[in-house]
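Participant: Each chain is listed here by its residues.
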Amino acid sequence: MKSQSSLLHKRIFFNNLTRCWPLSVITIIISFLVQTIPVYISANDRSLPESVIKENIVTDIMSSQIFLLAAGFAAAYLVFGYLFSERLCNQIHSFPVKRITLFFTSFISGLALILIPQIINWIIMLPAFIVIKGSGAVFAAEYLISIIAFSLIYFSSAVISAVIAGNLVSMAVVYGIFNFAGLLISAMGVLYSSIFEDRAGFVFKENAISKILYLFEAVFPVNLMTNGVLNYFDDYDNDYFNIGVRFTIYILYLIISCLLIHFSFIIYKKRNMESAGSGISFKPVKQIIIIFADIAAAILVTFLISEVLLQEDNGFIVSVSFVIIGFFTAAGVRMIIEKTVSINVFKEIARWAVIAVCINLIFCGYNAAAGKYMPKKDRISSIKIVNESLYDFSNNPLFTVTGTDDKDTISILYDIASASKKSEKLLAFNKPVTPDYSDFYDYNYAMQNIPDFRPKYSLAFTLDNGIVFYRYINVDKGEQNDKIVKIFKENAVNSIMLSLDIKDIENADYIEKIEIGSNTETTWMKSYPMKKEKIIELLRAYAEDFADFETKDFCDHYFSVYLKYNSGIEYDESIVMAPPYTTLNFNQNYKRTYAIIEDILSSNNESLSEIDKFYEAKKDENF
Amino acid sequence: MIDVKNLTKTFDGFKALDDVTLHVEKGSVYGLMGPNGAGKTTLLLNIVDTLIPDSGEVRLNNLPVRDNPEAKKNMVFIPDEVFYFANSTPLSLMSYYKGIYPQFDTALFFSLKDLFSEINLAKPIRKMSKGMKKQVAFWISICCKPEILILDEPVDGLDPVMRHNIWQLLLSRISAEKMTVLVSSHNLRELEDVCDHIGIMDHGKIILQESLDEIQNNIFKVQLAFDGEFPIPEDELNIKSRKQNGKITEIIVSGNKNETLDIINKYNPLICDIIPMTLEEIFIYEIGGQDSEITKLLTP
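Those protein sequences? They're chains A and B, same order as listed.
Numbering of the first sequence is given in our numbering, commencing with residue 1 and proceeding in unit increments.
Numbering of the second sequence is given in our numbering, commencing with residue 1001 and proceeding in unit increments.
Isolated chain A (complex conformation) (with noise of 0.2 Å):
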């Protein structure tokens, strides 16, 4: 193959090979450890249910990639690596070699070092695959894509980190940036605004700041690979198992990685070669990394900063420290990229201090704008109520009422909202009215012990142009609670078959069986198959008991659901497109579905009362 006519210089191709095989088989190794064995253990559990066993491999497929993040930057850096030596890059540019050959080959060459590793591990998997009844050679050709998509969107990212910078330290600070800023930028924006909500009552989510922030997460590699895109679906967990959204994920990666291959090609055709050695060789991107790293120092600062002045007890002393860190980040960023400690300081101070201020304006403008707005009451068609104060261990809000479109709901939550938002004057920088205890996940204890703790909930109202907008409230313990209360025992039923995908119980036919489980003594569970009728009734008298529970207000119910017994019923559906099971929680309060589950239970001898008392047993042996 001449060097004058074809993409592949075999001569280079085969250099970079044999030059870098170390890194070939140092992937071997990890790719057996973290993609090989895991499958080949997840495959083989026969004691797991064969939807739990492709779950197993859908995860490991989707997390054990992770180590080509390391493995994409070395392979680039050893086939690119002489462009950030000037002796090696003038002489290899003086061969007959056209430059897209060059880049061509050396592209191939770096992907086939981390690639053909993969794909021989790949070809060792293929005997766990047959095992997987009925999707054995789906999950093949998954993988085989996955690695391929894997490979491809790390190695081209670290190509055109190489192509950008100048030598190794500044081609990872550019690395870094492709594959973290996204996720730092959005986390420094998230936690920003999570001082707004939690402080000043007024939620910041579902809006379109955070949703610049998700595309941020989204085209970076990293992000994408984790939850960035996952994210865009509506229901992750359900979609993460979900091939149509893999593929998508893996084809999203191929696009991008070929946007990326392309730039890069750009890029290292008008690269400054004599600039090897230096921090970054393509002078227009510079400045971007420049004001990229001021804009993050930027970020940090307002946050920051915020957060001692929301707080109060850390002072003038901390802010001023983060004002001096983050103007050190712009600065040492500089001086990385630069090569050099002779900037200019008042410059760089102007500068950074200029980025700051717009940052924190378009921050606090926003917070500002957006907090306070209130849409016009006939516009809201639906309204959800989340309490936002409780989650459980997996971070899931204990309790939602679900889209309810009752006028007189609506109103009522609507003039809480606007009645929150007049007399508590919430916004910026002012003391909240409400101290925040959103750490106490224990709410027995913050409600007998903080005197003027007050329940905080979020309101999701759907506009009738199908926006969702959300809106804190801090509710206190009198008539505002009480209507809360009452509209959650008003749609109790509806909103606990909404939460199971149930529309209608006299419907829940495709519910064939129930595990009945101890949330606290994990080794206790069964299952029990049980008829239509059965389930109806069970499911009739645990809405019931929600209607009917007699508790001063929606807190003190809950937290007994929460802490006293924990047991769940869980349904085994058969319907695809449901959640796989989900959960009932229940305890001695909900006395209609306690009779009919010990009803079940005696068939077998057995008693939640005994469950009771052996939990009731560690409890003390514990406290």
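You may find that some hints are simply not true.
[To be verified] Below, in silico cross-link-like pairs of lysine-lysine (DSSO-like), each with a Cα-Cα straight-line distance of 27 Å or less:
{"#": "1", "chain 1": "B", "residue 1": "LYS1005", "chain 2": "B", "residue 2": "LYS1178"}
{"#": "2", "chain 1": "A", "residue 1": "LYS270", "chain 2": "B", "residue 2": "LYS1005"}
{"#": "3", "chain 1": "A", "residue 1": "LYS283", "chain 2": "B", "residue 2": "LYS1015"}
Bear in mind the hints are in silico, worked out from the structure with no lab data behind them.
If you're wondering where the values come from, they're calculated on a predicted model, not measured in any experiment.
Given the structure of chain A, go ahead and fit chain B onto it with the hints provided.
Facilitator: Just chain B now, with coordinates in the frame of chain A:
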């Protein structure tokens, strides 16, 4: 063979090459000289297509060099610091070049082994001395059988024996292969020995390019002694320097040698010796002493 037209290259606002035009005839050995920072290496890197010029064009064998393998296939560049991968041995580097240059002569490579007897073909190049690395570079480059050889400070940093050996090897191949050579060096004495054309660069410009003979014929040193004071008026000869040492006056003159002698003889000198100047003397005197005045000095 090598044509550079109006080449300009700027680094961060600094004009490293300023409208450089250069022509190297086929089969000639062209020496590029100039002080540090004059732009010699930048010019060579533009010629070998490593750097992208701001404007202007380089052609090799009448083909534009920019990203053109056809133009570069018969050109080999040896930089001042030799290129090799971290784990390269002479043998693996030979194999690499063989893949890059289709005309690589493997038989020649092994036939030259005796000339480079000190070099262990299996030893990593990074473990070799600087002299050995240079020898490897020359050895491999010669075997690429280039029509054009471009050398940047080829013997810089080598001991005299090694310099001599490498030049001898090069000259023998230049003669045998009819190569065109463009070489930049600070060592003007060596350039004087091997080059037939000289280009002098300063501040990014070629301020002079002529054959070596023309340069040496147009500037010379004259030692004179007169009975009494130095009688020749300044404006009668193109005298660029005059030094008095007792009765002996030493002048450096540019212009036609015979015409200059005719003028001097009119004043009946007691002694009149024309001493040809070495290239190094010309360079050091002008570049070191009067900077870019060399143009005026060497141009009749």
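Participant: For each hint, tell me whether it holds in the structure or not.
Facilitator: Taking the hints in turn, this is what the structure says about them:
1. B:LYS1005 with B:LYS1178: Holds, at roughly 24 Å.
2. A:LYS270 with B:LYS1005: holds, 21 Å
3. A:LYS283 with B:LYS1015: holds, 17 Å
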